[in-house]
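Enquirer: These are the residues of each chain, in order.
Protein chains: 2
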Amino acid sequence: MKITKKIEKALAEERCFWSFEYFPPKTETGVINLYDRMERMYALGPEFIDVTWNAGGSSSDVTMQVCTTAQSVYGLETCMHLTCTNMPREKIDIALRDAKAAGIQNILALRGDPPRGQENWTKCETGFSYARDLVKYIREEYGDYFCIGVAGYPEGHTENPDKEEDMQHLKAKVDAGANYIVTQLFYDVDLFLDWEKQCRAIGIDIPILPGIMPIQSYGGFKRMTTLCKTFVPKEILDDLEPIKDDDKAVKEYGVKLAVKMCNTMKDAGIRGFHFYTLNLERSTRLILEGLGFVAPIELARPLPWNPSLAKNREKENVRPIFWKNRTRSYILRTEAWDDFPNGRWGDARSPAFGEIDGYGFNLKYPADECLQMWNHPQTEKDIFNLFAKYCMNELNALPWSDSPLYPESDVIRTRLADINSKGFLTINSQPAVDGAPSTHPIYGWGPKNGFVYQKAYLEFFVSPEALDNIITKVSSHPYITYYAVNKQGDLRTNTQGDSPNAVTWGVFPGQEIIQPTIVESVSFMAWKDEAFELWNKWACLYEPESQSAKVIQNIWDTWFLINIVDNNFKDEHAIFTIFDDGTTSPPASR
Amino acid sequence: MKITKKIEKALAEERCFWSFEYFPPKTETGVINLYDRMERMYALGPEFIDVTWNAGGSSSDVTMQVCTTAQSVYGLETCMHLTCTNMPREKIDIALRDAKAAGIQNILALRGDPPRGQENWTKCETGFSYARDLVKYIREEYGDYFCIGVAGYPEGHTENPDKEEDMQHLKAKVDAGANYIVTQLFYDVDLFLDWEKQCRAIGIDIPILPGIMPIQSYGGFKRMTTLCKTFVPKEILDDLEPIKDDDKAVKEYGVKLAVKMCNTMKDAGIRGFHFYTLNLERSTRLILEGLGFVAPIELARPLPWNPSLAKNREKENVRPIFWKNRTRSYILRTEAWDDFPNGRWGDARSPAFGEIDGYGFNLKYPADECLQMWNHPQTEKDIFNLFAKYCMNELNALPWSDSPLYPESDVIRTRLADINSKGFLTINSQPAVDGAPSTHPIYGWGPKNGFVYQKAYLEFFVSPEALDNIITKVSSHPYITYYAVNKQGDLRTNTQGDSPNAVTWGVFPGQEIIQPTIVESVSFMAWKDEAFELWNKWACLYEPESQSAKVIQNIWDTWFLINIVDNNFKDEHAIFTIFDDGTTSPPASR
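Chains as they are written, first to last, in the UniProt record's numbering: chain W, 1 to 590; chain Y, 1 to 590.
No distinction is drawn between identical chains; accordingly, a pair holds when it is met within one copy or between any pair of copies.
Okay, derived cross-link-like pairs now, SDA-like style, lysine to any residue, Cα gap no bigger than 20 Å in a straight line:
#, residue 1, residue 2
1, Lys315, Gly346
2, Lys256, Leu44
3, Lys570, Gly444
4, Lys9, Gln496
5, Lys570, His440
Just so you know, these hints were derived from the structure itself, not from any lab.
Nothing here was measured: the structure is a model prediction, and the numbers come from that model.
Looking at chain W on its own, in the form it has when it is part of the complex (with noise of 0.2 Å):
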């Protein structure tokens, strides 16, 4: 969706708005750390996200790369920066082309400044010369496509001392087709205003975003005003002088700053705000919280999972719960599908799911930190621990589970970890919810006025005998639907038919009901593999003859993997009735 189109609904619903600009990392680690990072932060509601171009060095393929799974993968509006002046125009026209092909709606056209703290780059032969040719070009080439931005310089740019002047650069810009201004950063807010009144006057009517760069450490303060030649009003290095070694002291400035800054603004009628978060997660949430900001409820959970906004995906409204805690595996395995089911999963012609192998299916941490983690387990009276531990939030990750538990299993906590110590490792879970408002701060999604429903939903390994104990219990429960499966495919299950089983649901005004989340064999086939391998990748950190090696791949080899549904969901606890009696613990060790 167009940056524009989500700027105008903000204004319209009378809210405020704000918005993260993040840079490619250098390594393969800081990506991925880097995208854990913009998930957590899409619970804070940016209307959308900004990645930096560079385009002197790799780092604009990783640009490409993070702009297109923060787009498909974690569902954030993105916005790609590209430069100009740098950039042969076959370079820009791939790049054009590939963000359109990944769904990606807005580009932030930038003439190409130096690299921060590279002064000595190379101008390109066959690129533009000014930002407006590129606007201008992609208006040619695009049409109505792309929602183009520019960057506005409050206090002039650094290489003209012309204001005038570059306030008509700014003015050519908005002719040539811009749609937004998002400001260099600046620490003096007057300065700020007037520049922004100045605008008006000339004509500019499009938004403009003040951008904000939270001060994260003096040295850093220094080195960047330094480098754009901001302006920084005195009581600001007064402020900082006594506190400059103190780095925690600093950033709490910086915060306090921030959060003044924008309130001013805020009083002069500026909506929305643009932070230049350096890839930084802590000061932009607390800035947001010191402003009292909270994110838009449609935005923050317009389903229960972040749907993604990959442009071959608009329609998808349904997945399996299988890959809860592994978002990015299933968007990658799902990604060759043309079709997504809309609304009902049975709609869809039967998946067919890409092989894990071809995605560097690994565990996510490196194996220094797997080993702390999970250290050499013995028997599978440790391995049993391990996971009692990960529920009582005393480990941080597992490899099915590479952050902590859900608060919305908060509920269930306790009664998880005595199952996992018995021998029933969950890998996946959800308490069941009757009808609880949409709005509810832990199992709310979807629109306001809507009701949310879930069934309670348990997957754990379990072994071969304590599995047909578990069968018997279930058995004799009418409302428990299970399937089990060992790494071989052997399926069990009581199901009828190939129905899908809807796990979560919700009902909101004028509309059919959204079910979002499913449980059913296809999916659960193709998920088998990739938790059963798991297991493999886990035995892999050890010596090959090892105990550890011998414990985990006798589960792997022999154990089972069973997912089961209560669909009581007014009976908030009885699937954990299957569990309560003796008879169904496996023996504690072998």
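Fit chain Y to the known structure of chain W by using the hints.
Expert: Just chain Y now, kept in the frame of chain W:
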């Protein structure tokens, strides 16, 4: 579905089952009344119904019409009788082809008795000589497509005194491919049970359903038993003798006798009973009640409306709410659809409804009955009072509703009457339901262990002045959505987008959410033509320039039809608050 499948299911569930036989009425009105009766008797839960064949007259066309309508409009599993000796081969071919096209999968193959009471019948040269030839022919031509029933004669065939040979004839029919047997009527249970034992003894192992004909009148009973040479035990004749002139007493005796006979057979292990209803309802209902037979839940209400069993509608499980009181019209106006929505109306292409003119669109009752019911209204207030009386069950029908209010509307009956008397002329409604068990006697539908929901719904005609007040009220209500339209098609709505609104849905174990009833604009626009035209039909009952015609025509010309959904299904009565204030009342008369 094949009758034998249904019998297998009933036996697997260890329950008794029953079926009803009807004959094609001689007049168009008779046919319409039979449809009403069949629809009501659906609730008695027959596994299937039979319609007899009358090859001699034009009524074989009526047989086909009744079979098709029972199958497609009323969703009754239908078995068509077909006779052979009195039918040319081509006519048999046409009948079988048409039956298959209509989704009928059950044929009762008969030799072709003379029509009841007509001894002089014409044997047809190009037909078959015996029922077994017809069975064989159907198998040859259609393979396993049809489930084929044949007749059994516990007392021997009237034309054949050799009972042993009779039994061999039956065996031949079974060997030719018959799937089940329905017997001729009888009144001596022991005789039937002996005969059934003999059947089993010679290797007939398909289901045998005893045919039960409740005694409806002494004269009819005597004629029938004489014609069929049925043995009547002396005690029955003795019992009837003193009451033979008292029709009511004879009917009551007939019910008691049938209950006694069935109970005896039940004790002997018989599970299925075929009732010759003679197109009458009361006796059959009383017998089933006397036997303590209740309709199996899943059979009685698979969906909140009776699904059509027409072949092309197999996937249909969602319908607009508007035709709730005019199912036949809906089925006919959607007859040309290739594809029916399954689960989500939104997935179907925008449907084109057939014109209302093509389907003998009319008031259901003859003009004199209508005038008797509705009299000669002189003012709008007179009309309001008719609507109010209908709500209070003091009037049996209105042009929009052929039969009294549904029991589910009992909880809102007095409120409905109240708003009708104020000029909000309701023609459709449903109360809110917040998760009733799927076995609930009034609201329940679908498989057991499920929960069903409804959003409160009201549809009514309203004067243009009152409409403005209603819309003002609604606009301050966060949960209410509406569509309003006049005869000319001016549409007003507060809904956004074209999304259909699910107003009835159910949550069941191991399934996606089923949402069988929706409100949306395209079908509402098709429905409004029909709803407005009924005012015209009503006006046509009166002289063109009469006061009654003028009052009704003015409503037809100027009023709006509005439907209102309260999307908060957890609040049962909120929908009526929009009528609470006196300001929304239209003038009582103009």
